[in-house]
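Asker: Here is what each chain is made of, one letter per residue.
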Amino acid sequence: MLFTIAFRNILRHRRRTILSAITIAAGMLVFIFMNSLLTGADRAAIDNLISLNTAALKIQTQRYQNEQKTLPLTDGIANADSLRLKLLTDKRVKGATPRTRFLGQLSNYADAVPVIGIAIDERTDSTVFSLSRCIEGSYFSGDNRREIILGKRLAANLGVTAGDFITLYALTRYESRNADEFKIVGLLNTTDPALNRGAAYITLSAADDFIDREGLITELDVAVRERINYQTFVKDVKGVQQAVRRSNPGCAVDSYLEIAADYFKISRMKSMFGFIFMGFILLIAGVGIFNTVFMSVFERIREIGVLRAHGFKPAEITRLFLLEGVFTGVAGSTLGLAAGCVVNVFLVIYGYPIDKVAGDSIAGDLPVYGTIYGQWNIGTLAAVFLFGIAVAVLAGIIPARKAGSIEVNQALRFN
Amino acid sequence: MAILELSDLRKEYHKGDKIIAALQGVTLSIDKGEFLAVVGPSGSGKSTLLNIIGCLDSPSQGQVVYNGRKLGNMDERQLAEYRKSNIAFVFQSYNLIPVLTVRENVELPLVIERRLSVQQTRQRALAMIDAVGLSGMADRLPRELSGGQEQRVAIARALVKDPLLVLADEPTANLDSHTAEEIMSIMRKMNADKQTTFVFSTHDKMVESHARRVIVLKDGQIDKDERR
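Residue numbers (my numbering), protein chains in the order written: chain A, 1 to 415; chain B, 1001 to 1228.
Chain A on its own, in the form it takes in the complex (with noise of 0.2 Å):
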């Protein structure tokens, strides 16, 4: 009976229900929209480091590690190729390629920039790193020619673009000045600024003479073959790493989780302001609730006088008030978890063109670009319907417990 007097009554005002349950709707509507996109871009941000600066793990001798900074070319990974075969029979492992980053010094014949030097194996570098996704232009030609490729505002600062010639300076590894020109064959276009302001590729082979190489190899970098969930994603790259550990004792082996660390702290701090975020907006729906009910029980009063009459106990009062909150609570978190789910299908699939919405002033501030797709996170989906539904209760409380402690002679005079 209790539940049938309340789910009519619910029925009964109907358009105060509604708009109680919108709130909530709304509210959980605006939660699963942000966190598919937040989730969506952490997960975008996530590809983009991997598959353009840090690979998933990267691999260098402690010393080197150590010493990063001045990216010096004393330290090399010993037999880089036979650990780069070794790696690529682990399943796990999709891709393996060595690189050699060096200080250097770009000229225009005017102007004179430092860039980080970054020597690549032209063959095995799209197995791990997806640069020539973002090149404007073309990518090397593999006939060990001086090309180079340049983050695209390091161009733009020095005026040159794809076609052009420049000049290159670097200490070779004997700490002897070395300067080259280059011809310029792309310009690469991240959302990496320190890719995009400082960052220049030549091929090992080139780097052989212009730097005096000799087989140096500064890091071995290791992509893991991707997965649908995420978790297990980062299961593999852990694995893997210590895998790699155990038989390199020398070795540094670090995944993307620790050298992007600062970007992890930033992406928790991101979801929780989101859940901030929807716990206010959920609040305005716990307050709307509360005076809902709030309502219900002051039209209700002599109602509440009739029921304690024939027997109801003040309890049975407050739980009758507080299912008609549960409904309601119900009834939006329903409502919000489904426009939810539409909305987010269409994320998933279509996405959200971030760029075109937002402009260019983000790009170089974010490491996304382009459309970001919505994730589905079902332990998400189900702890917003969760707290939709326990707003509402805790909202219906004091009200509830108010009708159950309205005196019987007191509420059957009401008018």
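Calculated directly from the structure, the hints in this document are not laboratory data.
Some hints here could point you the wrong way.
[What the hints assert, rightly or not] Per the computed footprint, the stretches of chain B lying under chain A, defined by three or more beta-carbons under 8 Å from a beta-carbon of chain A, are: (1) 1081 to 1093; (2) 1100 to 1111.
[To be verified] Pairs of lysine-lysine, DSS-like flavour, derived with a Cα cap of 25 Å: (3) B/Lys1015 with A/Lys402; (4) A/Lys86 with A/Lys235; (5) B/Lys1070 with B/Lys1205; (6) A/Lys238 with A/Lys94; (7) A/Lys265 with A/Lys238; (8) B/Lys1070 with A/Lys313.
[Stated by the list, open to error] Here are the in silico distance ranges between beta carbons for each label pair: (9) B/Glu1076 with A/Tyr230: 52 to 62 Å; (10) A/Arg15 with B/Leu1141: 12 to 22 Å; (11) A/Arg15 with B/His1014: 50 to 60 Å; (12) A/Tyr230 with B/Leu1141: 53 to 63 Å.
Please read these numbers as outputs of a predicted model, since none were measured by experiment.
Ideal Cβ placement from N, Cα and C applies to all residues, glycine included.
With chain A fixed as given, assemble chain B onto it according to the hints.
Answerer: Chain B in isolation, oriented as in the chain A frame:
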């Protein structure tokens, strides 16, 4: 045999600094099957007396004894329990639950009692609805009924659990004289058929004329106790 004994009932209300004496030493004994009217001018203490008899209010002094059981020491929860099993109410403004149908309203006291099965509850409610002349209206909502019909439902709801006592606070005050007469006839019939004790307050001489005993209250005291 007395089912209800009131001895030296007093009730005082505080209104600001003033103390209002609503009842000033009412002593009364009511037998099973009585059809009793409490009359008197406004402020004479009729409603206070009915509230105390109905366990909706407690006296400042004096004793209420139902079937030999003193109610003075009961807390709110025990009073609710006692009310649930023994006392029924008919209100001036019917006070049906608007979201429940006629049948559900009549079933309400039985559902609260949880004494009968769903089937028995339904059968008993439908029989009671028939008894008050509302056959065929069981599935209607209160808003679809006239005032007289609503009060019949209220009477059916009061009687469905076979209470010891039915308290009716001005049950015909909102009805026209013809409907009021009908309602009183139904109450008398129920009183005769089931030997249910009725105590009702009224201002209406016609309603008063149906009573077999009339208690006249004046300034919180029994002015006259007349048996007919």
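Asker: For each hint, tell me whether it holds in the structure or not.
Answerer: Now the hints, each set against the structure:
1. 1081 to 1093: Holds, because 8 residues of the region 1081 to 1093 of chain B bring their Cβ atoms closer than 8 Å to Cβ atoms of chain A.
2. 1100 to 1111: holds (count 6)
3. B/Lys1015 with A/Lys402: 23 Å, holds
4. A/Lys86 with A/Lys235: 20 Å, holds
5. B/Lys1070 with B/Lys1205: 34 Å, violated
6. A/Lys238 with A/Lys94: Between A/Lys238 and A/Lys94 the Cα gap is close to 14 Å, so the pair holds against 25 Å.
7. A/Lys265 with A/Lys238: Given that 25 Å is the threshold and the Cα spacing comes to 19 Å, the pair holds.
8. B/Lys1070 with A/Lys313: 21 Å, holds
9. B/Glu1076 with A/Tyr230: 52 to 62 Å: 57 Å, holds
10. A/Arg15 with B/Leu1141: 12 to 22 Å: Given about 19 Å between the Cβ atoms, the range holds.
11. A/Arg15 with B/His1014: 50 to 60 Å: 41 Å, violated
12. A/Tyr230 with B/Leu1141: 53 to 63 Å: 55 Å, holds
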